[in-house]
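Novice: Based on the hints, put chain P in the right spot on chain W.
The listed protein sequences correspond, in order, to chains W and P. Going by this note's numbering, the residue at position 336 of the first sequence is 336; the numbering climbs one at a time, nothing skipped. To convert a position in the second sequence, counted from 1, into this note's numbering, add 942.
By construction, these hints were calculated from the structure, which means they are not laboratory data. Don't be surprised by glycine CBs; every beta carbon is placed ideally from N, CA and C. You may find that some hints are simply not true.
Short, incomplete list of chain P residues facing chain W, as computed with Cβ under 7 Å [what the hints assert, rightly or not]:
(1) E985
(2) E1015
(3) E1057
(4) M1058
(5) N1061
(6) P1064
(7) H1205
(8) S1207
(9) L1211
(10) T1314
(11) Q1318
Listed below are several chain P residues computed to face chain W (Cβ distance under 8 Å; list not exhaustive) [said to hold, decoys possible]:
(12) S967
(13) V990
(14) T993
(15) Q1145
(16) N1312
Covered stretches of chain W, going by a simulated chain P footprint (3 or more residues, C-beta under 8 Å) [as the list claims (entries may be wrong)]:
(17) 30-39
(18) 101-115
(19) 144-158
(20) 379-391
(21) 741-750
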Amino acid sequence: MTDSKYFTTTKKGEIFELKAELNSDKKEKKKEAVKKVIASMTVGKDVSALFPDVVNCMQTDNLELKKLVYLYLMNYAKSQPDMAIMAVNTFVKDCEDPNPLIRALAVRTMGCIRVDKITEYLCEPLRKCLKDEDPYVRKTAAVCVAKLHDINAQLVEDQGFLDTLKDLISDSNPMVVANAVAALSEIAESHPSSNLLDLNPQSINKLLTALNECTEWGQIFILDCLANYTPKDDREAQSICERVTPRLSHANSAVVLSAVKVLMKFMEMLSKDLDYYGTLLKKLAPPLVTLLSAEPELQYVALRNINLIVQKRPEILKHEMKVFFVKYNDPIYVKLEKLDIMIRLASQANIAQVLAELKEYATEVDVDFVRKAVRAIGRCAIKVEQSAERCVSTLLDLIQTKVNYVVQEAIVVIKDIFRKYPNKYESVIATLCENLDSLDEPEARAAMIWIVGEYAERIDNADELLESFLEGFHDESTQVQLQLLTAIVKLFLKKPTETQELVQQVLSLATQDSDNPDLRDRGYIYWRLLSTDPVAAKEVVLAEKPLISEETDLIEPTLLDELICYIGTLASVYHKPPSAFVEGGRGVVHKSLPPRTASSESTESPETAPAGAPPGEQLDVIPTQGDLLGDLLNLDLGPPVSGPPLATSSVQMGAVDLLGSGLDSLIGASNFVSPPAAAVPANLGAPMGSGLSDLFDLTSGVGTLSGSYVAPKAVWLPAMKAKGLEISGTFTRQVGSISMDLQLTNKALQVMTDFAIQFNRNSFGLAPAAPLQVHAPLSPNQTVEISLPLNTVGSVMKMEPLNNLQVAVKNNIDVFYFSTLYPLHILFVEDGKMDRQMFLATWKDIPNENEAQFQIRDCPLNAEAVSSRLQSSNIFTIAKRNVEGQDMLYQSLKLTNGIWVLAELRIQPGNPSFMVLQLSLKCRAPEVSQHVYQAYETILKN
Amino acid sequence: MIHSLFLINSAGDIFLEKHWKSVVSRSVCDYFFEAQERATEAENVPPVISTPHHYLLSVYRHKIFFVAVIQTEVPPLFVIEFLHRVVDTFQDYFGVCSEPVLKDNVVVVYEVLEEMLDNGFPLATESNILKELIKPPTILRTVVNTITGSTNVGDQLPTGQLSVVPWRRTGVKYTNNEAYFDVIEEIDAIIDKSGSTVTAEIQGVIDACVKLTGMPDLTLSFMNPRLLDDVSFHPCVRFKRWESERILSFIPPDGNFRLLSYHVSAQNLVAIPVYVKHNISFRDSSSLGRFEITVGPKQTMGKSIEGVTVSSQMPRGVLSMNLTPSQGTHTFDPVTKMLSWDVGKINPQKLPSLKGTVSLQAGASKPDENPTINLQFKIQQLAISGLKVNRLDMYGEKYKPFKGIKYMTKAGKFQVRT
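Looking at chain W on its own, in the form it has when it is part of the complex (with noise of 0.2 Å):
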């Protein structure tokens, strides 16, 4: 006989029939009718037509009954209140029951049944019950408590059950103990501002005196109810995480993330020298590691923990790896989660057997699973440099399976690791290209679309690649389409010659044919850049990319305190605060770690100083900040400051306006060539151009305006190897513009026409930004003067020497080569001051191997005189300062491909015939020092 006969049902009225048995006399008649209800209930059937006739049975001796009727009662008790008075009645005498068990029944069952009317009656039992001798009925009462709340807050409050509610923190018995806590911690979480959890010391000491004797669930909600609180000092944080440190054994897995919370917010207060610490961190590992044999259930809500505990405190898992090595039938969730985890423990020391595991995953069945082990290696060459290497060749290798979701997903790996690594892997791209057809991922797509953009210059057919993305280009999505219109423009701004048609065709598609904003938007962007100025579009769209770090993807460190005080919570799960998805954000308290607060006896060592502040040594480089602010002040060239009569930026600035679009700009977006570059005598330009430089200027005999060092004019080409045609030139850089000065010069006995001039590809990609313009013929021995103004967009290639330029120059007659060297500092750019903070940090930070030395002798100037002629080239004096008498300059200097140069110049006073200047130059490119050596070394002998 089992209860399944309960859910047969007779051809007649199921209801009508049980209404009959219901008010049969017979008392085992009776019992089978409750049970047949109950079942009817249990299934979702409603049955709440028998209310009447249910409450009727309740009074009763019979146990069983009792109860089956009581549980009836909670659930439809709501649906008929008028009702539900009726049974007011026996549930009172029910509390005044010698038995305990029915006591406790009377009043737990009474709390659930939802109706306003019943709570009134309700108040006097409970008040008794919360009393009552027996510790059983006290617990029973106290959940009660958090019912009532739950239906009517104001009653609770009025009646005084909440101060009751708090004297049973110090009950006795340590389950009324927890329960007290539980049902004051739900009922804070609707009162936030209360201060219903007062913790004081003493009754934190007789929760932690319960925590050890109540039943495994009293425990969590003690736990839980710990963590809320804040030790006053370091001592006290110790002494509760001691006790606290015990329930790590627990086999309940809730209590012990429950203690590991507890311990890791009371860490926090914990200085890192003591010995405990070491003993706590020792001890927190192995219970996180035994959460991950349990079911898989709890290790995914363990293992989301322990990603965030990891991030915390990497130290304490660090050892551990192999367990988060996943095995093939966990759940997928369960892979996930492992894989996530085995990235952020990943480091040099575990990193081949990590990447072993990896790939092994990738050769799995499950797609999803695949594709987070193929971006793993990824984040893995990212993480970890030293891997990096390895990394690609995985990489390649799983390229070559032709797998086609692994290839997919490996391309935008590593279009991750070209960020982080420029120019370390670039010789894969060929390897790359050959799988570009069989992408069809739009994040795939754009990952090879950026690549080819980015790459444009080393990969020959780039605008045919980029070409036949072009075709299809209103059905890519948008991710592709914002790609391709930027790889476009990239590879126009680095091959402009080839690719003009192309980059209007992608403008126009993108900003007429377009419906997207965000499309249409950037296309017009770029357009109107390109067409007043590519030196800056260049700039824009060439910048150098922030490298890429691991931490794109960690959990930013306040949002991780944060999370750290609710582990073990949902909070935990969804790696949110509550606040973000709570119901309504209602009782959420912003939570925090503690702040490290000493015992007033413990003395402060150094080493607890806070980790913020800079440490002294550091301050050394630049002498303090007093000094430094007059230095600054000297060199200031802002507008406010009438300084002396230097070549101010701002006047600079005004000047970039009146000349820098006429000379540069590609007028007309249908026609990228720019109108006959009006060769304006540069002079012109600025009227008001400071009198020193204009001295300066007359000098080298050329006619320019303030600005870097300009070499006289040199023969680059003599008339006897180019028939007739003597070139000689100069550069120069003027307010941000580089120009080539030309004199050609007709030695032959024929009229010269068709002048044109082309370079080849060189180190920092100097190319002309407009055509040779050489209005008239050029007769027999006749001069003309040209300035061709250049751009720093064109192809790049090394050159040997560094700044060697290779022109070629064609005229009526023949073409004719020749090569030059330019000197570095036409290549300095005006906003090459780096920040203080920054000058520093990047001093330190570029290894010493990359210093270079060099002595200027004869060099008879002064501090100031060197760091003014100086600055007119754009190299920036930082600070400055004195040491044993000595002139220590640190300055910076920045190339137009973004290179940063930074130098320390040292100037011994004293005689100034014999005065030597000592300069130290730190790059990250060292190769570029010894010609910026020259370039220092030509403005100030000049």
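Specialist: Frame of chain W, contents of chain P only:
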């Protein structure tokens, strides 16, 4: 706290619901069904699902989803642990936990659930106490009940709940006093292609069956307690004595319980008792592949390996397998592509092997993935970690109990990559 519980079968029908607070509409489970549909297998349904107003936490056991509904921030582990307790209780009460059995005993199920939680707070989760409150159904009791009209609800106050040893009921009496302990170790390992260990760890438990009269106080000591550096105890174990003396001292619950579970981590050297030699190859050109595996004993401390089964999920491209085992029986399910080979006992003189050919779908390319081999085995009278019980003493009672200790090692998740 826990609001409601829904029991859902794998067909997606809710066959039981229980609400401890206000009633939550069944429609909340629609979010669960969505997730269920998305997951390829029942095991892959995520355990935490958020809905606009509630959170659904679920465990999947015995082909039933136990879905708990919560509304406020509650520790998810607390909920999941509780659900596990529900499953264990059902199993304890009814022997098996399946949809038909739960339906048969729906009233008891309902009563038990009611006792386990009050307003979402756990009330009585120890099966000792629950059984005092609500008697589990037995054939005899059902018969007696129908004759005498008595019920299966106890009218006792669960006395144990109030004592300092809530896990033990008072007034226990036995004529034969006996205490048995089983040390059971499961070895989880991943072995790579070449036969070296990628990771191996041991999950051990000591399960006890104690039937002793009165209030016995037991101590259990080990020969080599140092092995146990990562342990979880039953609440009855006195933690302080373990910390100071490495001795388990406890007043046991009555009947069956898990005294201790422990974990011997991957950092210690773990002995691997079995090895698998495999040669599985598919060729690109032909539609035939070769398959050969041999199983042999490795570090078994002279004990024999029994109950060996080998299973492996073959790639999708495999059509059929033509294999001959040297012992035991094997099956290959062409639908699920699951190969299983029931080996039995390993005879070290004549190692069991399974050889033959694999035929692939004509024209299909060589499978990308390599099948992983899953191994099951048992070794009696051996705890592979080397753990040994030294002695068991009883205080507090006069009689002499009968004591017994048994060791066993089993394969947990033991996988060999090929």
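Novice: Against this structure, judge whether each hint is valid.
Specialist: Each hint, compared with the structure:
1. E985: The hint holds - P/E985 has a Cβ within 7 Å of chain W, the shortest such distance being about 5 Å.
2. E1015: holds, 5 Å
3. E1057: violated, 9 Å
4. M1058: violated, 10 Å
5. N1061: It holds, given that the least Cβ distance between P/N1061 and chain W is near 5 Å, below 7 Å.
6. P1064: Hint holds; P/P1064 Cβ to chain W Cβ min 4 Å, cut 7 Å.
7. H1205: holds, 5 Å
8. S1207: Hint holds; P/S1207 Cβ to chain W Cβ min 6 Å, cut 7 Å.
9. L1211: With a closest approach of 13 Å, the P/L1211 hint is violated.
10. T1314: For P/T1314, the interface hint holds, since the closest Cβ of chain W sits about 5 Å away, which is under 7 Å.
11. Q1318: Violated, because the Cβ-Cβ distance from P/Q1318 to chain W comes to roughly 13 Å (cut-off 7 Å).
12. S967: violated, 10 Å
13. V990: holds, 5 Å
14. T993: violated, 11 Å
15. Q1145: holds, 5 Å
16. N1312: With Cβ-Cβ at 7 Å, under 8 Å, it holds.
17. 30-39: As far as the stretch 30-39 of chain W goes, the hint holds, because 4 residues have Cβ atoms under 8 Å from chain P.
18. 101-115: holds (count 5)
19. 144-158: Holds, because 4 residues of the stretch 144-158 of chain W bring their Cβ atoms closer than 8 Å to Cβ atoms of chain P.
20. 379-391: Since three or more residues must qualify, the claim that chain P covers the stretch 379-391 of chain W is violated, with 0 doing so at under 8 Å.
21. 741-750: That given contact is violated, which follows from only 0 residues of the stretch 741-750 of chain W lying within Cβ reach (below 8 Å) of chain P.
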